[in-house]
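With chain A's structure known, arrange chain B on it following the hints.
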Amino acid sequence: MPDQSAIIARVSEIIASHQGVEGPLLPILHAIQHQFGHVPQAALPVIAQALSLSKAEVHGVMSFYHDFREEPAGRHVVKLCRAESCQSVGADRVAAHAQARLGVDWHGTTPDGAVTLEPVFCLGLCACGPAAMVDGRLVGRVDEARVDALLAEVR
Amino acid sequence: MLKVYVPRDAAAKALGAEDVVAALRAEAARRGVDVTIIRNGSRGMVWLEPLVEVETPEGRVAFGPMTPAAVTQVFDGGPLSLGLTEELPWLKAQTRLTFARCGIIDPLSLADYRAHGGLEGLARAVAMTGAEIVNEVSQSGLRGRGGAGFPTGIKWKTVHDAPGPQKYIVANADEGDSGTFADRMIMEGDPFVLIEGMAIAGLAVGATKGFVYIRSEYPDAIEVMTEAVAIATREGVLGASVLGSGKAFDLEIRTGAGAYVCGEETSLLNSLEGKRGTVRAKPPLPALQGFMGHPTVVNNVISLASVPVILAKGAAFYAGFGLGRSRGTIPLQIAGNVKQGGLYEIAFGLSLREIVQQIGGGTASGRPIKAVQVGGPLGAYLAPHQFDIPFGYEEYSGQNALIGHAGLTVFDDSADMLKLARFAMEFCAIESCGKCTPCRIGAVRGVETIDRIGRGDPSAIPLLTDLCETMKSGSLCALGGFTPYPVMSALTHFPDDFSATAKEAAE
Numbered sequence: 192m193p194d195q196s197a198i199i200a201r202v203s204e205i206i207a208s209h210q211g212v213e214g215p216l217l218p219i220l221h222a223i224q225h226q227f228g229h230v231p232q233a234a235l236p237v238i239a240q241a242l243s244l245s246k247a248e249v250h251g252v253m254s255f256y257h258d259f260r261e262e263p264a265g266r267h268v269v270k271l272c273r274a275e276s277c278q279s280v281g282a283d284r285v286a287a288h289a290q291a292r293l294g295v296d297w298h299g300t301t302p303d304g305a306v307t308l309e310p311v312f313c314l315g316l317c318a319c320g321p322a323a324m325v326d327g328r329l330v331g332r333v334d335e336a337r338v339d340a341l342l343a344e345v346r
Numbered sequence: 058m059l060k061v062y063v064p065r066d067a068a069a070k071a072l073g074a075e076d077v078v079a080a081l082r083a084e085a086a087r088r089g090v091d092v093t094i095i096r097n098g099s100r101g102m103v104w105l106e107p108l109v110e111v112e113t114p115e116g117r118v119a120f121g122p123m124t125p126a127a128v129t130q131v132f133d134g135g136p137l138s139l140g141l142t143e144e145l146p147w148l149k150a151q152t153r154l155t156f157a158r159c160g161i162i163d164p165l166s167l168a169d170y171r172a173h174g175g176l177e178g179l180a181r182a183v184a185m186t187g188a189e190i191v192n193e194v195s196q197s198g199l200r201g202r203g204g205a206g207f208p209t210g211i212k213w214k215t216v217h218d219a220p221g222p223q224k225y226i227v228a229n230a231d232e233g234d235s236g237t238f239a240d241r242m243i244m245e246g247d248p249f250v251l252i253e254g255m256a257i258a259g260l261a262v263g264a265t266k267g268f269v270y271i272r273s274e275y276p277d278a279i280e281v282m283t284e285a286v287a288i289a290t291r292e293g294v295l296g297a298s299v300l301g302s303g304k305a306f307d308l309e310i311r312t313g314a315g316a317y318v319c320g321e322e323t324s325l326l327n328s329l330e331g332k333r334g335t336v337r338a339k340p341p342l343p344a345l346q347g348f349m350g351h352p353t354v355v356n357n358v359i360s361l362a363s364v365p366v367i368l369a370k371g372a373a374f375y376a377g378f379g380l381g382r383s384r385g386t387i388p389l390q391i392a393g394n395v396k397q398g399g400l401y402e403i404a405f406g407l408s409l410r411e412i413v414q415q416i417g418g419g420t421a422s423g424r425p426i427k428a429v430q431v432g433g434p435l436g437a438y439l440a441p442h443q444f445d446i447p448f449g450y451e452e453y454s455g456q457n458a459l460i461g462h463a464g465l466t467v468f469d470d471s472a473d474m475l476k477l478a479r480f481a482m483e484f485c486a487i488e489s490c491g492k493c494t495p496c497r498i499g500a501v502r503g504v505e506t507i508d509r510i511g512r513g514d515p516s517a518i519p520l521l522t523d524l525c526e527t528m529k530s531g532s533l534c535a536l537g538g539f540t541p542y543p544v545m546s547a548l549t550h551f552p553d554d555f556s557a558t559a560k561e562a563a564e
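Quick mapping for you: the protein sequence lines, in order, are chains A and B.
Quick note on our numbering: the first sequence kicks off at 192 and runs consecutively.
Quick note on our numbering: the second sequence kicks off at 58 and runs consecutively.
Here chain A stands alone, though its shape is the one from the complex (with noise of 0.2 Å):
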């Protein structure tokens, strides 16, 4: 875990790299999320200064988005699609047997920190469903087996 003020030093780096953007905040905390695992809490009073805006709108905009996370995830993480198109070749079976395998519900990461379980809608892979991402990889038509290998690879 890296201490503040190295946090606050590499925050400082992000935010000057992204000069002259147009609309910032979006591309800075993406940055900063690539950097870290997640957003620090140290890192949003250094936003906040550089681009003029309050510490609440800073937190305001983060919280919004589903990607942005205030705690580091899991070593992995497994995304599973709810959507509809999933939902109708089995995706509700699927995620209850990987819910079941992790011992976590959704957003949840197993006791020893390997795995992070959460809910995506639509991966765009709606015509070969149920459709998982693990730790960034695509994969299509999963189902409990494929749960299995998926999670006995990542453990």
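No lab work stands behind these hints: they were computed from the structure.
Beta carbons are placed, not taken as given, at the ideal position from N, Cα and C, and that holds for glycine.
Do not take every clue at face value.
[Unchecked claim] Taking CB as the label site, the calculated pair distances span:
# : chain 1 : residue 1 : chain 2 : residue 2 : range
1 : B       : Asp-514   : A       : His-298   : 45 to 53 Å
2 : B       : Arg-512   : A       : Pro-310   : 19 to 27 Å
3 : A       : Ala-264   : B       : Pro-447   : 42 to 50 Å
4 : A       : Ser-208   : B       : Gly-350   : 21 to 29 Å
5 : B       : Ala-83    : A       : Ala-200   : 41 to 49 Å
[Claimed, not checked] Pairs of lysine to any residue residues, derived as SDA-like cross-links and limited to a Cα-Cα distance of at most 25 Å, are as follows:
#  : chain 1 : residue 1 : chain 2 : residue 2
6  : B       : Lys-396   : A       : Asp-283
7  : B       : Lys-476   : A       : Lys-246
8  : B       : Lys-476   : A       : Ala-287
9  : B       : Lys-529   : B       : Gly-206
10 : B       : Lys-396   : A       : Val-311
11 : A       : Lys-246   : B       : Glu-330
[Claimed, not checked] Quick look at which bits of chain B chain A covers, simulated, 3 or more residues with Cβ under 8 Å:
#  : segment
12 : 121-128
13 : 182-193
14 : 252-262
15 : 353-365
16 : 387-395
17 : 470-481
Just chain B now, with coordinates in the frame of chain A:
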């Protein structure tokens, strides 16, 4: 030398394209064959992905669905060989105008793009005045492919006529509707067509800057588009002098952050500006006060990607396809529980029955079709007795339905329509931006009310109907305003699923 095509499309990758590429390379090395593998876009036949093609003197020969274990067939032939790709009936029956190059060319080869008719529209636009370009698009009858169906030419004219030193073009690539993947496919398979369409829009209305707002759930599309913009800028398609015209147009790729509502144009603009993605009240129209308060064209990806062919072949050519006031072609996305799912571009006018039964081949499970949701999570569930209406904007609105972004999700008879109606309300509650009360509170009450019905309380049904009326007429945008479509269509066409006694009798 053997030239082989393996799609880099996200669906092909999700079905194992990377493993197939590795296996192909290993097999070629084992045989001592010199192989060139081109990562093309998808042809749209998702059930055959990964669809591998081999170049032969007769044309490209398709193999699929390919697996790593079966790659020897690419060299020796075998049961996975499907014959000449262009002769496959599913592909041959289509009218590919917007997707003409998708799956054929190397998406990141500008030379390939030019060789297949790319940049002809932009070259023509460069020699025209803005008003002439706007007129050409108006004459084509092109309407917004994102769902609203607003005439693209009128939107462009508003921005063209608006005074202002700075104007913008924004491509809405926040394709969050389940059952849709046309934007993703075109961005991954033919990114230059979107770039060309946006540059033409820029010339038409006098905008010098554009943004493509892509949802974060589409990492492959973001990667391809980013690279394509860099290539187009380097080659003078974008930049200070578009195709040497002396007119500037620059493009920037922006990534969304997982908010469905940002597919709504005003919410998208707030997000681009770095704000919470809340919906803005209209007026003012984004065409007059859009990004940073400047006149802005916000168009769906497919609308913009359809512009180059209109400019290249003329408005009359494009308007020659379609029916009624729905002109041109529409990329149908056939999804869900369907045997032959994928992208099928064709003139407006097909019946739903033709689309899901003949083209889609019925359900993947082999069971009867119970319902088809047309137009994404905010679209109505259509029952088999409605399957004869022709695919067109007015034809669908006449049935209390909408074509939306032309995604069709097929459900077999195991679908529980009460559960799907509940999901529509739950989704609206999760994704509501919170600005207006009918959506923010209504969706939560909607879930509770449907739960009451599910527990066997029929007195909650009129309450749900009333709530849907309020959401429909009182919401600020389509999220709260259209969630009643799936809910009410499920309730109207599948009343048995909302009746405890009928359910018990069935079980």
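Do the hints match the structure? See the list:
1. B/Asp-514 with A/His-298: 45 to 53 Å: Distance hint for B/Asp-514, A/His-298 is violated at roughly 31 Å.
2. B/Arg-512 with A/Pro-310: 19 to 27 Å: For A/Pro-310 against B/Arg-512, whose Cβ atoms are near 25 Å apart, the range 19 to 27 Å holds.
3. A/Ala-264 with B/Pro-447: 42 to 50 Å: Given range 42 to 50 Å: holds, Cβ gap about 47 Å.
4. A/Ser-208 with B/Gly-350: 21 to 29 Å: Holds, at about 26 Å.
5. B/Ala-83 with A/Ala-200: 41 to 49 Å: holds (46 Å)
6. B/Lys-396 with A/Asp-283: holds (20 Å)
7. B/Lys-476 with A/Lys-246: violated (41 Å)
8. B/Lys-476 with A/Ala-287: It holds: about 15 Å lies between the C-alpha atoms, which stays within 25 Å.
9. B/Lys-529 with B/Gly-206: It holds: about 18 Å lies between the C-alpha atoms, which stays within 25 Å.
10. B/Lys-396 with A/Val-311: It holds: about 24 Å lies between the C-alpha atoms, which stays within 25 Å.
11. A/Lys-246 with B/Glu-330: holds (17 Å)
12. 121-128: violated (count 0)
13. 182-193: violated (count 0)
14. 252-262: Check failed, 0 qualifying residues.
15. 353-365: violated (count 0)
16. 387-395: Satisfied; 6 residues make the cut.
17. 470-481: As far as the segment 470-481 of chain B goes, the hint holds, because 3 residues have Cβ atoms under 8 Å from chain A.
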